[in-house]
Structures are given as C-alpha cells and as structure tokens.
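Chemist: The chain contents come next:
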Amino acid sequence: MVENNIKAKMGEGIGFERIRRITGYLVGTMDKWNDAKRAEERDRVKHGLDCACGK
Amino acid sequence: MRRPADYISAEGKQDMIHSITKRDGRIVLYDQQKIAAAILKAMEASGEGNAADAARVANDVQRSLELRFDGDAPDIEAIQDTVEQQLMNHGFSASAKAYILYRANRTRARESSTSLMKTIDEITQVDARKSDMKRDNANIDGNTAMGSMLQIGAAGAKAYNEHYLLRPEHAEAYREGDIHIHDFDFYSLTTTCCQIDIIKLFHGGFSTGHGYLREPQSIQSYAALAAIAIQSNQNDQHGGQSIPNFDYGMAEGIAKSFRKAYRNELTEIIEDFLDKDDCSETVKAVISDAESATGETARLECSQAFDTAVAGGLGKSCGISSADAGHLIKRARKRAEQKTDRDTYQAMEGFVHNLNTMHSRAGAQTPFSSINYGTDVSPEGRMAIRNILMALDAGLGHGETCIFPIHIFKVKEGVNYNPGDPNYDLFRLSCKVSAKRLFPNFVFIDAPFNLQYYQPGRPETEVATMGCRTRVMGNVYDPSRQIAYSRGNLSFTSINLPRIAIESRGNEALFYEKLQGVLELVAQQLLDRFEIQASKHVYNFPFLMGQGVWLDSDKLGPHDSIREVLKHGTLSIGFIGLAETLTALYGHHHGESEEMQEKGLEIIKYMRDFCDEKSQEMTMNFTLLATPAEGLAGRFIRMDQKRYGKIPGVTDREYYTNSFHIPVWYPISAYDKIRLEGPYHALCNAGHISYVELNGDTAKNVEAFEEVVRWMHDAGVGYGSINHPVDRDPVCGYVGVINDVCPRCGRHEGEPISPERMAELKKMYPDIPVFQGIE
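As they're listed, the protein sequences go chains A and B. Taking the working numbering as reference, the numbering of the first sequence is continuous, increasing by one, and the terminal residue is 56. Taking the working numbering as reference, the numbering of the second sequence is continuous, increasing by one, and the terminal residue is 783.
Derived from the structure by calculation, the hints contain no laboratory data. All values reported here derive from a predicted model rather than from experimental measurement. You can take every hint at face value.
No farther apart than 27 Å at their CA atoms in a straight line, the calculated lysine-lysine pairs in the BS3-like style are these:
id: 1; chain 1: A; residue 1: K47; chain 2: B; residue 2: K607
id: 2; chain 1: A; residue 1: K10; chain 2: B; residue 2: K138
id: 3; chain 1: B; residue 1: K342; chain 2: B; residue 2: K284
id: 4; chain 1: B; residue 1: K444; chain 2: B; residue 2: K770
id: 5; chain 1: B; residue 1: K771; chain 2: A; residue 2: K10
id: 6; chain 1: A; residue 1: K10; chain 2: B; residue 2: K444
Chain A is faced by these chain B residues, among others (derived, beta-carbon under 7 Å):
id: 7; residue: R137
id: 8; residue: T409
id: 9; residue: R477
id: 10; residue: E662
id: 11; residue: Y663
id: 12; residue: V672
id: 13; residue: W673
id: 14; residue: K681
id: 15; residue: I697
id: 16; residue: V734
id: 17; residue: E757
id: 18; residue: G758
id: 19; residue: E759
id: 20; residue: P760
Have a look at the derived ranges for each label pair, beta carbon to beta carbon:
id: 21; chain 1: B; residue 1: H545; chain 2: A; residue 2: V46; range: 45 to 53 Å
id: 22; chain 1: A; residue 1: G14; chain 2: B; residue 2: K126; range: 31 to 39 Å
id: 23; chain 1: B; residue 1: R350; chain 2: A; residue 2: V46; range: 38 to 46 Å
id: 24; chain 1: B; residue 1: K338; chain 2: A; residue 2: V46; range: 52 to 60 Å
For glycine and all other residues, C-beta sits at the position ideal for the given N, C-alpha and C.
Could you build the full structure based on these sequences and the hints that come with them?
Modeler: As structure tokens, this is what we get:
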C-alpha cells in the first residue's frame, strides 16, 4: 500500500481533473456526472468569436 | 347508523368458506365484514348505494365464492375479481370502477415497495461510478455513508409521496414522464430556495437553532457568520442558498474592522512618537470625542472634518502640534487601510474554503451556495468585491478551482459596465477571474425585465440569482415588494415539451391544445403542493422562518401558520427541449432559421402568458422557468425512446437540450447563440441562463472574454456565463487547459513522472502540492 502511494504520488494511475459547468454550477470531477449529462458534455462544440460585427 | 354487517344473512352456512389464502401464502380466517366494508368504501367514493346495498353485494360475493371453491380457501385476487363482478351485476358500475382503481393503486403500492427495496439494494451495494441513479445529483457523493443514507431516505419519501400525496392523474403524468416534479423527495417537507439578506440577519445577532451568535464586529466574523447563515438555511430548504448583497453586507464588517484598525494603528504610532508605553486610553478618548463632535466614525473614505477633530484632540491631550498630528494620522490611516485589506482577504479566503468544506444535510453535501456582488461603490464594498475575486482567483489549498459558492457579478451601466463607472475596474477584474476559474457568472440589471424593478440606492431591487439560475423579482401577491431579498422559489415542475410535439404529429393546433392541458395539470399540482407547504408552521423552519430570513416571517410567532408569507415565493412551471420540440413539429430548430426562432418564441410566450394569467387568477406568483435539467436531461428522453424509437434530431441522443438553448452539438458562433437565446430570457421570469463555450486560448484573452459578456448585455440576456476548459494535474498542480499531455510536467494521464523530475519541478514551482491521490 505504501508503495502504491509513492507511485500515485509520482502520478501512476492518476488522471487529470476536468472541471466543467454542469448547469449553472460547477462539478469538481466529471465522474460524479450522470450518463446523460456526460454525453451532453462530450457533444458540446466550441463557439467561435467571428460574427462579432453583428451581421 | 347501521353497519353492513347487520344486514349480512346467515343463509348458506353448509357451504361456508372458513378461510382464505393471503398473498404471502398464509391461511387466515374468512371475514365477510371486511368484504362488505371494502364494498361500502367504493360506494361512498362514487356516491351511490348504502350499507344495506353493500351487504347485499357482499352476500352474493360469498355465494359465488362458495359455488366456485366448494369449501377450499379462495385467494385474494379471486375474491377481488368476484367483488368487481358482483358490483357490476348489481348495477353499481361507478362503484365497480372505484373498486378497480383502488385495486390498481394497491397493486402499484405493493410493486413499488418491492422496487423500493431494489433501489435501496442498489444504493447500498453498487459503486456510484457504475450506478447512474446514484449520480442523479452530481452534488451528492453517493459512495459515502451519509450520501447513501440521504439517497435511501429520498427513495422512501418518493415512494410514499407518489402513493399517498399525489392525485392519481398527477402520479400518472409524473410516472409516465409527461411532467417531472423536481425535488420530489421533499414534496411534503419544505420549499426550494431563498435569498438571505445578511444585513438584516446580522443586525442584533441571530440563532442557528443550536446556539445564539452575537452581532459580528469584524470582517472575519462577518465572513464566518455568512457561511454559517448559508449552512443553517440549507438545513431548512432543499434548493440553493444565496446572499443577494454580499458586497453591501461585507462592507459593514469592513467598516467595523477599519474603525478598530484606525484606533489601534493610531495608538501605536502615538506611542512611538511620544516614546510612551500605553496611550490606548488617551487615543480612545480622543477618537470618541471626535466621533461625538462630528457625528462620524473613522471610515475608509478620508473625512477631513473627522481627522481634523482627531488632530485637535491629540494636540489638547498629548501636546502634539497640528502639523505632526496630521502627519501621524495620515500614516495611521494608511496602515489601518492595509491591515483591513489584509484581514478582508483572509476573511474572504476563509469564507470560500468554508463553503467548499462545510457540510449540511446530514453531512452528505456542501451547501448549494451563491453570492451576488458588484454594485456597492463604497470604498468598503469595493474592498469586499476585490478581495472575494482575488480569493476566487487564488483557488483552494492546492490551487484547485472552488466549486462553491457560485459567484454572480451584477452588471449595471453607470455602476460598473463602462469605462469611467466607479466599479468598472472590478468588472474588468471579474472578467479576468472568470476567464481562469469559470466564475463569476454575470447577471444583467440593465436587461429591460430586470431594469423595470431597479431603483438606485435600493439594492434589494437589484436582480440576483440563486442555485443554477433561479430568479425572483415580480410579486403579484404584494406589488409593493417586488424585490430580490428574502424570497425564493416554493417548488417547480417541468413539462416534457418534445413529447407533446411528437404526439401532435406536426399538427400545430393539436400541439397547443395538448400543451394547454399539461399546463393546467401542472398548475393544479403546484397548488396541491403549496397546500402541503402552507400547512406548516414557523417551528418547522427554525432558521428560515424562525430567524426572519423569509419575507414577513419576522411578524410571525413560532406556532403561526406560514401560509400567507409563503405567497411571496414563486410556483414555477419549467420546460425542457425547445430545440427537439421545434424539430418534432416543424423539422428544424431555432438555431437553423429565423422562422423557427419565431415559432420557438411563440411556444415559450404561450407558456409565459399562461403563468401570468394564473398569477392574476390566484393572486400568487406563477412563473416560467428555463429548467436546468440535470437529472432530467436523460430521464424524459429515455422514456420517449422506448415509446417512439429514435426520431432523428428529436430522440436520437442521450439527453434533451437544456430549456431554450441552441443544442450543444450545433455549430454556431458565440454571437449568434447569444443573439438567439437572449429573447427567451425576458420570457422565462423564474430563471434562465445562457452560456457559450470558448476554447482555452480565447478564454485567456480577457479583451475577448469581456466582449462576449458585452454581447450578452446588449442581447437582453438576464444571466450568462462563459464555459472554457479548466483542467488540473493533481500531480504537478498545473491549472489550465490540458489536452493529452500536461504542459507543466509533460506526463500523460495515468503516467508517473520520475522522482528527479519531480524534484526539479518543485524547485521551479513552489506551489506543487505536497501529497495527493489515494491514501
């Protein structure tokens, strides 16, 4: 166990934390999200800043 | 009155049934009176027949059973079948129907008790990562003891509420997924959310229900008590807890801290100047005299009159020349300001830490907290805003992004929106912080539907939000109190809009007809729930009502009913999936054509008009909500896929689109998304939010970020925020965008780095966390 902890300390098996806005609030790690909201987050596309001219 | 038993004949004794078989297989004695009583109940429910009729039917039931079973023990289902038959034979068809309904309800209740046990089994046995049900609300950790206990309680309450509290038609609509009753586990218990006016709460001190707290006297205690207020109220309500006036409230604490710091710093400086040990009493007296002479106290904003009075006092009691005194006071003032600023930062840091770590609701959740600020232009208010933003920017102990509270920056022209406005610098700072930490969100007082309530100098008329998006401003129950403070939502129920569209098969008139029916059903259900809420008393809500947090509850005694004061709150009708609704009805959604935008606005306006009419009719606040749809995102569509299959653009994904949003997967520019969603904000008066997704680099460009916020302001958006990826590598502590490789330490997800590399990194970045991961 101690050995595992040392490995974990150096990053073995440790993922990145990804914080996203779920609805109006934030959730610390994505693994707490329900399946539908995870799918929704996966599908989100970025919005470009063109059209700023107010076409 | 005679009971049915009195009429039961004694004939046919030779074939008499002695016993029956219960559902669990036990044999018990046969009792005809029980049958007669059940028949009489059905008759009473349908308004036909009397005790004598019931006994006659019961006699025939018995005869029929004797013929059929010939001395054997009949089972319950056979007896009930026979009762139905005999009621029909005797011409009591309405009673037969009532009896059938009763049987169906009992069957459902029995089945639900089995399914309840299965649910509890899942809660206790299955890891939350594998159980979607346990992740219904991302804010509850379903893997912990208290989280599981909360979920078991919720499951039991839901089963009870469905079978005992809902009208059958509401239960059916809920069960079948026509509507969703939010926070259904709390149906019989409490209301949703509240804006806590901390200024009013703190004046004179307050009680948490577990102890009395004196009025706070420094910024540190103001911040600590603000967190306690949120925590205490969270135990009385299930929804979001918010402070609408965080800057104005903290400003009072900062003023008290400064006044103390001014005296302390001045004392030290005078002691040094005179080379004396203790001047505290002298300085205290000088300040006290200056206070009574000028009617002022030492404030952050320098008052010539006050400082001159203090200088005069120092001359008299210590013999200090007026030039020296002026100089010393200036230094004292400067040091006091620095000290207060430092204290404020620490207080804000502590507040944020508290709200991310303190627990409520049996320890399963941190409170769902929000704070609104941005418009207090006093030096104290500005100090509060700047420091809370800096604490948010710094993050938690290892630089983690704070999840709570939700920060909301109130944007207002003439106050903070344009260059030259007194708080414009703080608006800029809020953009910079939000570009890093996702908060603050922005609420726009200038949106016409918010501006109509705004009165300069009355902060309670400034719009504020709580929870995911809830907004409460208008008040038909008491038009003289159209304010944000001390009010909130009572309950809300959402409509499965796409289903109505699917079932209308492109027929617009039919769609509106069905929509009207569901709106009426939901309004009735909200009123039923209100009746349950209104039957409570002040003592049921020791903090919310007992401490006068809710509007007008300070006029009530502990045993008073809360019915009337609750009417300051809102009953909200929500909806989900406007995009899928339009696609089902017309083939396109509102992101695709201006025509569909018109159609979309028509539908939402129809619902809003219904709410307004209902408000007038009942003199209660019915409002329209752009539902957040967290648990709901998947629930409706799963049921609709089962019913209708996968309809392209309607039911072919795993979720329905949030309220009136343009679908998340639809390519559109930020500008157009904001322009199209803006008009819906005006219609959804119970709450709304729009967001746009920026890539990480754009978000870092504060100019571009501010530009997007300005588009929202100009498009009539009421509440908005900007999403961008915020990632963190817990190993090296890097915060920012991480694609496949961490830009700081260079590792992939799951990969270790060498101890040598770690040592190198630690030299370069002293903020690297000491230890994290699994212990």
